[in-house]
Amino acid sequence: MIPRPHVDWFALAPVNSLLATTALALLCAVLAPARSRKAVTATLCALGYATALGFAVALYVKSAHGHGVVVDALRRDRLAELTAIIVAASGILATAVSYRERWREDHIGEYYALLAAAGAGMVFFVGANNLLTLFLALEWFSISLYILCAIDRDRLSGLEAALKYLIIGGFGSAVLLFGAALVYGATGAIDFPGIAAAGREHDALQLFGLAMIIAGLAFKASAAPFHMWTPDVYEGAPTPLTAFMAAATKTVALVVTLRILVTAFPGDAYVWTRALAVIAVCSLVIGNLAALVQKGVKRMLAYSSISHAGFMLIAVASDSSLGARALLYYLVPYAAMSVGSFAVVAARERELGVPVTFANMAGFGWERPVLGISMWAFMLGFAGFPLTGGFIGKFYVFAAAYRHGWTWLVIVGVLATLVSLYYYLGLVRAMFMRRTEDLQLAPIGGSPPREALLQTAVVACAVVTIVTFFAVQPLIDVAKHAASSLPF
Amino acid sequence: MTTLLIVLPLAAALVIWVLPLNDVSAGALALLAALVEVGVWIQLVARYDFGQGGLQFAQQRTWFSDLHVSYHVGVYGFSVWLIGLTVVAMAAAMAYGFWVGRDRMRAYMGLMLFLTGAIIGVFTAQDLLLFYAFFEAMMIPLYILVGVWGGPGRLGATLKFVLFTMAGSLLMLASIVVYGLSQNTFDLVQIGQSTSDWVFLGFVAAFAIKAPLFPLHGWLPDAYRESSPEVAAILSGVVSKAAAYGFLRIAITKFPEPAQHYRAPILTLAAIGLIYGSLLAFRAPDIRGVIAYSSLAQMGLITMGVFSINDLGLDGSVLQMVNHGLVSTTLFLLAGMVERRTLTGELSRLGGMARGRPALATVLLTAGVIALAVPLSSAFAGEFLILAGVFTHGWGWSVVGAVAIVLAAAYVLRLVSAILHRDVGPAVSDAALDLRPAELGVVVPMLACLLALSAWPAAITQHSFRGDHAQADVAQGFK
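Chains A and B, in that order, are what the protein sequence lines are.
All residue numbers for the first sequence refer to numbering that gives the first Met the number 0, where the first residue is 0 and numbers rise by one.
All residue numbers for the second sequence refer to numbering that gives the first Met the number 0, where the first residue is 0 and numbers rise by one.
To be clear, the hints were calculated from the coordinates, so they are not data collected in a lab.
Don't take every hint at face value.
Where chain A lies over chain B, by a calculated footprint (3+ residues, C-beta under 8 Å) [to be verified]:
1) 132-138
2) 150-157
3) 171-181
Okay, the calculated beta carbon distance ranges per label pair [to be verified]:
4) B:Val398 - A:Asp476: 55 to 61 Å
5) B:Gln58 - A:Ala180: 55 to 61 Å
6) A:Trp365 - B:Gly476: 45 to 51 Å
7) B:Asp22 - A:Val292: 37 to 43 Å
8) B:Thr194 - A:Ala173: 50 to 56 Å
Which chain A residues stay away from chain B? Per the calculated CB distances, all over 12 Å, these [said to hold, decoys possible]:
9) Ala22
10) Val174
11) Gln454
Where a beta carbon is used, it is the ideal one built from N, C-alpha and C, also for glycine.
So here's chain A without its partners, still in its complex pose:
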């Protein structure tokens, strides 16, 4: 009989509940009557994410001392669980936003099944403790996302986006895999602590592998210069899915970057802190400058997400407990603002039936005050204004950079923020200061129904965005506990 490893089923519960959701939703996609298919699968998906969220919270509480599970292939620690919480919450919100999307619904069951599968992959990803599980999980959620982008076959832009995403994402994964192979070749280990213990710090092979791993993860985090796919995919994909990708994919990619660099390559910190600082500066410059000239709101938000990857990479690059706290804190309002802003875009899209540009946001703030004010909060949060968590996040990032001795990086960040004001406030200007009469479009199908689900999701995001400004201490405590899973 083959000896089986001990499996900590509790640690796997969030992943498994999402996987079970996928299976059930797929069954319902076939078995449930067409009328109720959407309602049933969407409810299942939301319930699956809610269960995962519950398990993740329980695990967070009960995993004060992180340890490996399943022969150390995965980590059960607070870092993974906090990230899982963010992913699960984004998943719930994304499900709510998706519900009334106007698209062909012949594959709606598969949509929700894959949405849950992607979430499961992400939750698995953040727990990864060796290069194999890392790659497995990366492909797992990436492939789900490729299909999700193309789920609406009537939408040419979606198909184009999916193809671009598939090719570039596949390339990114291949780079990561190659890097992993090189690192294994250099150290003979695939688990992160083992790589660190091998002590081949200045080995050229390992450095090369490290560089490729960073590049592969930067693809997923859409940090420049590995960001080329981001604007097209964010723009082309169905908007509710973009909301999910912007929040969850970036979150897990950044957290995993932090984990692998700190646990597997502490000896090479000299190299990767500088490399990440360079990537961060590239992202800030490219993201902000390109966002300045965008006309489409989704593209603007895509470039803004690139620049935020830059901000968060500053936190990772500072290689300190403070930096880890900064990243984990930043991710919470960031995820809320991303989901929320794309949800508002989705609402406007459904109203007008055309891609949303700055010009056709005119008067939106006065017509739909709840969504308008929430969007205002998201934009202020992205721009790092006080009264939003975005401000504290940036402050922590700058503090981490300064503590690391990188005052110049603080200056770069400040300048990037200044540039970003132009387009974030530009959207506020479009929503509140231009009149509806300036709009050259008639809403399709008359006045759109009030979407209670979407509205609730947006308000929830706005509440998170604002409350994170006031309740910094509890959130930082959580982030501190999560960061203590890492060997600083």
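Since the structure of chain A is provided, determine the placement of chain B on it from the hints.
For chain B alone, coordinates are given in the frame of chain A:
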């Protein structure tokens, strides 16, 4: 008490936004909140122990402990007067907005109340990050207030305004990060003095743009012309004082050496702004232009007073902050009232409005006379103290200041005569009414405050700093 002053307007704003009120009740509720705020401030004055001075009504709660940031608020003698200026001016501005009947009243009044809370926050924050948060929070309502209720050129004006001021603010944020982390606390009371020139300049950049000081005033003419009169009144009367307050509370107090170093350049910029602003005010073709540039000049004068860093100059600048705040608010509101009757602010199309409009003539003349600092007026007291203070650093500064006072007389008299006297302008119809009782109700209380201060300027000059020794108080970091 301090927290109440901050939270009351914010809470009122929330109530107005959330409840489905009609325009009249929203406006009335907001005005009521503003008046209650004035009442709270009167309580504050009554209970503040001026004999003892220093930080009073302080409240502190940890915000996040790992970087030693806390919610720490409290008031000093001089903040009492600046808060007073804020609540009075805001109440007047809101009353005017209510009377004029701005559209989307709920949003408008909510934003004005939000702004009130943010400004008071700036004047009371005793933690650097909190100070920054309030300083920035002022921009959130201002951006919308100028951009939505402004004139035809409002979009360009708001963009310039925001980008200019945020450029300064963000440099200040960098300075705050560096300063706070290097001292390991962000508490303004505890934090030690620093000798870093760069950190000092980051703060100065923010305040110099906000004030504004020459040559950073590029945003000023558009913002003051394009916003609605009551918002322009608040911008020039109150918001600019946040900058002067920053110079006083942070720049010279926490950075004594750099302040000494850079005194000459800053005084020079202030002096240039003073003369240049006065000359531009003399040439400006419209009412708002005159007031806007005179505001630039006055902020230069106030900055001179602060950077003279001695008893006379500091006392004078605090007095002048309140004076200029009240005068400028009054003048902008009067400008709005005139523009409402004539549909233009161009001086060439105005004139002769005094005939048959005694109330307008009296009020405008009174405000003008105080603005040009005739002896016995509170502005005279303030300007005299500032000039006397700056005299110790070289008589040249005082000469420049004195010249500017002459210029002030010139531009104010030009303004007054262009509106009230001369021939009846083409834009002035006989049907244009005198000031209505409601308008008088808005303006007269502020004039009354100014006259009271004229009678007793020592109310402020002797009650701003501990033991009436401003220099010593600053040198000790207000501890």
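Checked hints:
no., hint, result
1, 132-138, "holds (count 5)"
2, 150-157, "holds (count 3)"
3, 171-181, "holds (count 5)"
4, B:Val398 - A:Asp476: 55 to 61 Å, "holds, 60 Å"
5, B:Gln58 - A:Ala180: 55 to 61 Å, "holds, 60 Å"
6, A:Trp365 - B:Gly476: 45 to 51 Å, "holds, 47 Å"
7, B:Asp22 - A:Val292: 37 to 43 Å, "holds, 40 Å"
8, B:Thr194 - A:Ala173: 50 to 56 Å, "holds, 54 Å"
9, Ala22, "holds, 43 Å"
10, Val174, "holds, 35 Å"
11, Gln454, "holds, 15 Å"
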